[in-house]
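**Q** All chains, full assembly: derive it from the sequences and hints.
Chains as they are written, first to last, in numbering that gives the first Met the number 0: chain A, 0 to 109; chain B, 0 to 188.
27 Å max Cα-Cα, derived DSSO-like pairs, lysine-lysine:
1) LYS129/B to LYS108/B
2) LYS3/A to LYS179/B
3) LYS86/B to LYS108/B
4) LYS12/A to LYS179/B
5) LYS12/A to LYS146/B
6) LYS108/B to LYS12/A
7) LYS89/B to LYS129/B
8) LYS3/A to LYS178/B
9) LYS34/A to LYS61/B
10) LYS85/B to LYS146/B
11) LYS160/B to LYS146/B
12) LYS86/B to LYS160/B
13) LYS8/B to LYS34/A
14) LYS121/B to LYS3/A
15) LYS108/B to LYS121/B
16) LYS174/B to LYS12/A
17) LYS178/B to LYS108/B
18) LYS58/B to LYS34/A
FYI, nobody ran anything at the bench for these hints, they're computed from the structure.
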Amino acid sequence: MKNKQDIQDAVDKTMNSLDGLQRAMPRPFLFTRIKARLVREEKSFWSRALDFIGRPAVAMAAVVIAVIINATVFFELQSEPAQNAQDEEQVFASEYNLSTNTIYDASIDQ
Amino acid sequence: MDEQILIEKLKQGDEAAFRQVVETWQNMVYNTAIGILQNAEDAEDVAQEVFVQAFESIKTFKAESKFSTWLYRITISKSLDHLRRKKRKKRFAYVQSLFGADNQTIIEKPDFHHPGVILDNKERASVLFKAIDRLPENQKTAFTLHKLEGLSYQEISEVMKTTLSSVESLMHRAKNNLKKWLAEHYESG
Chain A
0 MKNKQDIQDA
10 VDKTMNSLDG
20 LQRAMPRPFL
30 FTRIKARLVR
40 EEKSFWSRAL
50 DFIGRPAVAM
60 AAVVIAVIIN
70 ATVFFELQSE
80 PAQNAQDEEQ
90 VFASEYNLST
100 NTIYDASIDQ
Chain B
0 MDEQILIEKL
10 KQGDEAAFRQ
20 VVETWQNMVY
30 NTAIGILQNA
40 EDAEDVAQEV
50 FVQAFESIKT
60 FKAESKFSTW
70 LYRITISKSL
80 DHLRRKKRKK
90 RFAYVQSLFG
100 ADNQTIIEKP
110 DFHHPGVILD
120 NKERASVLFK
130 AIDRLPENQK
140 TAFTLHKLEG
150 LSYQEISEVM
160 KTTLSSVESL
170 MHRAKNNLKK
180 WLAEHYESG
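**A** Here's what the structure looks like:
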């Protein structure tokens, strides 16, 4: 097989070895198996959805989003002046008449 | 049934039409898949995937190309995806074996014998398939469609959405590569 001409002949014959090839055929009842696969895929919609949610990338993204929302809310609240909270308390108390009456208020009423 | 009517019925979800589509094109899809994957089980799996996708996305099929061209495109895309997944798994197993993660030995791909090859050419065809497996994806696709499916260069260019001259160039390079590898094989043999 070391002869150059022999090698060339072998290469040519191999290159032409697919001549006259017939199509390969799948096993019988392919349609039945495809139908079963379609039904299986329809049924597994929820399991596919759960798989999607359970993917590490999706789970990590959800955690990151939750952390960002928490951090945003936390820093927003921190940056608000404390005065505002006090004002709101006073407004709420006066609106619902929750102010503590003192002895002096009582004497004025009398 | 006329192809156009068949497609219309398939778009309406008609089961009989779907059955006819599968029965008409199953050999074409399977033969293309087995040519690229060189494994009967994988080809069967891909053929099923192709028809499931065709059924689910038939509404996106616009009669700009032939239905068979559309099916060829799905088959090639699915087959190449399957092949990439398999190679990734093999690479991962190899890396694992390097670190001794498990004691599984990596099994060499067995020789592939296409069931439609003439008996006299069986051994030579097996050698050729081994060489085809080494070709880059686009050369492998063009060569498979031409040799196994008997498509003309013009038809291949429609399937691969490329120009006729590109297909000619792909085929030329594919043949040169194959001849070079086969010569090396016979020199060492």
